[in-house]
Amino acid sequence: MIRLAGVSKSFPTGGRLVPVLHEIQLEIGPGEMVALVGSSGSGKTTLMNILGGLDRPTSGQYFLDHQEIGRLDTRALARVRNVYIGFVFQSFNLVPTLTALENVELPLVYRGVAPAERRRRSTEVLERIGLGAHQRLKPFQLSGGQQQRVAICRALVGNPRVLLADEPTGNLDSGTSAEVLDLFQAIHQSGGHTMVLVTHDRAVARACQRTVEIADGHIAQEVL
Amino acid sequence: MRWSDALRMAATSLARHKFRTVLTMLGLIMGVAAVILLSAIGNGTELQVTRSIETLGSNLIFVSPAGGTPFSLEQAAYVQRATPMARQVVPVLTTHSQVVFQATSVTASAVGTMGSWFALHHVRWSSGSAWAAGANRLTLPQVVLGAAVAQELAPHGGLVGHHVTLLGQRFAVAGVLAPVGQGLGSSQDSDVFLPLSVAQSLLSTNQISQVIVGTASPTEASLATNLLTRLYAKRYGTSSAVQVGSEDQLLAAVSHTQQTFTDMLSGTALIALLVGGIGIMNIMLVSVRERTREIGVRTAVGAHADDVVLQFLLEAIATSVLGGLVGMALGVAGAGLLARLLKVPVVVGAAAVFLAFGVATLEGLVFGLYPSIAASRLDPIQALHYDG
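Chains A and B, in that order, give the protein sequences. Numbering of the first sequence is given in our numbering, commencing with residue 1 and proceeding in unit increments. Numbering of the second sequence is given in our numbering, commencing with residue 1001 and proceeding in unit increments.
Which residues of chain A face chain B? A partial, calculated answer using Cβ under 8 Å:
id : residue
1  : Asn49
2  : Arg81
3  : Asn93
4  : Pro107
These are calculated hints, taken from the structure and not from any lab test. For glycine and all other residues, C-beta sits at the position ideal for the given N, C-alpha and C.
Can you build the whole structure from these sequences, using the hints too?
Written out as structure tokens, the structure is:
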């Protein structure tokens, strides 16, 4: 599903290029659930951004479902993010002025889905996750765990092949973290999504089938 | 993204940031209202001037003696003979007099003239009419009062048929003129009119002060002015013995000044409107910064840079259209209120309304463009982690 072939990434800092990722080789099969671990500054977030189509490799090739992502123009890349990828962030990143339902609808808005159909699908996902009663509330009216579950609904509503989560439990207390983690596992078992979770949390890593550790821009070790 | 969704998104965003939306529109609202209101006041004043020009008659020319030249009714006959384009020739003898009615008295310009004066000046009658033809004998003197004079002498009207005294003579009031308002120069409202022969005999003179010539058009008036100027210069050997002038030139100049005044008022308001547009840019730039994360999220879930530009640009245009509409309503309502409360003449011009609304809408587009492009250029990765 995902294949990185010699992907490097450098950022210009203070007039010179500072390498952050070195020649990454990585393959993630369809339906795999992978934890991406590493200390901060290891390059795991940069890797995540490349996987999510928010950033492009400086060199090397990234294939998503056999398409080379680095070659796509900005419009095609936006479409890949919209159709192939669902994002979950550490700080939830819900739009504060929109209701839970409207937040979940967002990917479908940019896909051009008609309003009635959009609402139907978003409500369905929210109800499946147990937030049916909260869909008219604004983010500030929801608890942290509820907000993150709304964000997960938003990632799922477009039925993407790949679900990417960047420290999804990082802002949650341990009880809520466990609930959200259970949710990710349930989604994985039922939906067949390919999932990549960046995490510090050992519990999250343990829940995954495979752990990839990044250190200084290299893949340090893989634990199956 | 669908157009309908883009519009819906803009509307939702404006509705959920009501305070910010109103703040953004405020400058535009005031600018649009100011353009409409000030140009309405200017137009109103201009209309008043034009009306007073019509009352005075731009087809008229005035022939008056200068430097002690003798000027009697013979001059009126001469003008009549010498000027083929003269439709009417009306001699006038002007003086000042107290006008007394019962215990009230008022100072007025007393105009001794012919009955044809009233037709020449297109007067409207408040009550009564001109003195009867053949009535200009000293034994049966009649007088016509200007509106202001009549108002002062008898606030409740009903003067026709009563007697007033002026120039030491009792007169019967034949008619009262309708008010024309204060236009340029003196107004006939504060004049009293009596037959020329009566005036001459009361003042013991056979002289007149002026001959008024009525022509068919301003062109003929100008032609007659030139002709009479030449003839009098030849007759007296100097151009300074008799003055011939059409008031048209003066009035045209005044009207032009009035137009300039209106343009200046509207121009000032237009500047205010432009400044209002800068407010849009200001608040939108703040809004883009405030919503940096939102822009990051939208990009992450599949928005293209163009979608972001469209979203913010539509918000700007919707704001300016809305502000323009509110400003329009406010301007028109304000003009109506001003007309009613201050009795100021106002004329709301369609041109000013469309100009103000058009400029406001255009400003949304122009001043919204930069913030919108700035929003679309944000790096989504940084935007997602922005801590504002």
